[in-house]
Amino acid sequence: MDKIRIEQIKVFAHHGVLEEEKENGQDFFISIEMELNLKYAGVSDKLEKTVNYADVTLLAKEVFTETVYNTIEAAAEAVVEAVLSKYDIVRTVTVIVSKPHAPIDAEFWDVNVTITRSKHIVYLGIGSNLGDKRGYLNMAVEELGKDESISSLKVSEYIETEPYGPVEQPDFLNGVVEIETTLEPMELLTIIHDIEQEAGRERIIHWGPRTLDIDILLYDDKIINTSDLTIPHPEMHKRDFVLKPLVEIAPYVYHPILMKTAVQMLEDLKNSGYASVEKIETEDYSEQERLDLDGKSVVYAGVPGAYAEEAAFKYFGDQVEYKNVKKFDDVVKAVANGDADYGVIPIENSSAGFVIGNYDIIRTSGVKIIAQVTIDINHCLLGMNEAVLSDITKVYSHPQGLMQCKEYIDENGLKTESVSNTARAAQRVRDEGLRNQAAISSARAAEIYGLKILERNINFSSDNATKFVILTREEVFLSDAVNVSVCFTTQHKVGALYDVMGIIDVNQLNMTSIESRPSLKHKWEYWFYVTFEGKLTDRNVIKALRELKANTDEMIILGTY
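To convert, take the position in the sequence shown, counting from 1, and add 1144; that gives the working numbering.
Read the hints as simulated data drawn from the structure, not as lab findings.
Treat each hint with caution, since some may be false.
Claimed, not checked - For lysine-lysine, the following DSS-like pairs were computed, each having C-alpha atoms within a straight-line distance of at most 25 Å: (1) K1404 with K1470; (2) K1193 with K1298; (3) K1470 with K1611; (4) K1596 with K1538; (5) K1423 with K1366.
This structure is a prediction, so every number in the text was calculated from the model and none was measured.
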């Protein structure tokens, strides 16, 4: 950028903190550097294509002397603002104010301050979906223009769009405003919040309805990432209600991270659209406040004392009849066949991960997840009453129990054998009656099977918990359900999973887990099991499920809880 410098303008003024400074005054020296494009002035040799140095000097002396300041910082700021405000062609101004006669009890050459300020081009997204929507947007533009540090350059046409995010609410009216300002980003953010507050904006529900919403989209080519402000706006490239009005007023403005123009970002968004089916089966499910437990039965895998029994009782209490079967598959079959109303099986452990195969048996059975319950797992080493810890050479437990206690097993050099569940392990140790055998199971199992607790809390993670899901064959969901689990297969090609994950991303869904399992149909093809946050009635969840159905080879909704 070209520059004009005016150096050491001598000005007599009365700035200072001390009374004698204000009364007697002293000499100050002002230097001004202006950054601007001088190409047209140089080619045309016309004064109106540049700035008049004499006018700038007079303006600086006038502004510097019309108010008495305590600090030269404030005096310099006033000069900077005056020059930037008067001369549109000037983009950046640096002012140095020297105070060579400052009241300092020492020999010194000079005291000076240097202040640099610039004009910034900023793009703001504005939106409203409550009350007089157009009136609120116009009010935002007017209020921005009232600030002396802001000038409004362009305002797009307003467009009506569906709301973004999961909350049910009226349609939005949106637009984009281009402004020029000398304000720094956080200063501008404060003014924006004041305007929103004046319009009655309340920041209560994320993605919720609002009288006025103003977002900083771009601020020159700055990249800012703080707890209070992120620039460029992290979601702008995903929102057509931002890009369409932005393209209208600034088609070639550049995104400094994506390195694309507004036109290119809008084209990319159009090309990323997903096919969608018209309806999915869960849209016909009925909503319930709570499960019907009257006269109902619940089935779990294992014998009394199993963690699954504990999970079942924690969720259902003593209001139902309990049944137990041998395996997790048997639980799912009992529910699917109508032999039990609800089933309880483990799905994930906080230390050992997913319970292998349980998602598969849910997928192939036709039952649905309707709720979840989590219990803390504190594994104990259980042996015969006459046994001591040094006697143990072999342990039995469910594979998950063995994984969760692997460090303890390895440290003690124990042999292992897996059984169908932890309580069954305790039962086997009792039945075989061998001093060298132990079970990894619960303290309650020790009571039930008359075993001795040789050591407590042997799992390697002290924060060990298992998530169990409640299964039903009914097409219902609970009102308090806030998670949705699905599974799907994709084409065996590069980028297939990435493309499907884009559906979750563009619909603003927070994915909490993902697991892959072999499809058993073709080599190297998989079922992907995904859970994300949301309610079946949320607009963005419905849209995402319709798109997942249309853009996968096969998609099954496992349930919501």
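Going down the list of hints, with the structure as the test:
no.	hint	result
1	K1404 with K1470	59 Å, violated
2	K1193 with K1298	24 Å, holds
3	K1470 with K1611	19 Å, holds
4	K1596 with K1538	15 Å, holds
5	K1423 with K1366	43 Å, violated
When held up to the earlier numbered hints, the structure conflicts with 1, 5 and fits the remainder.
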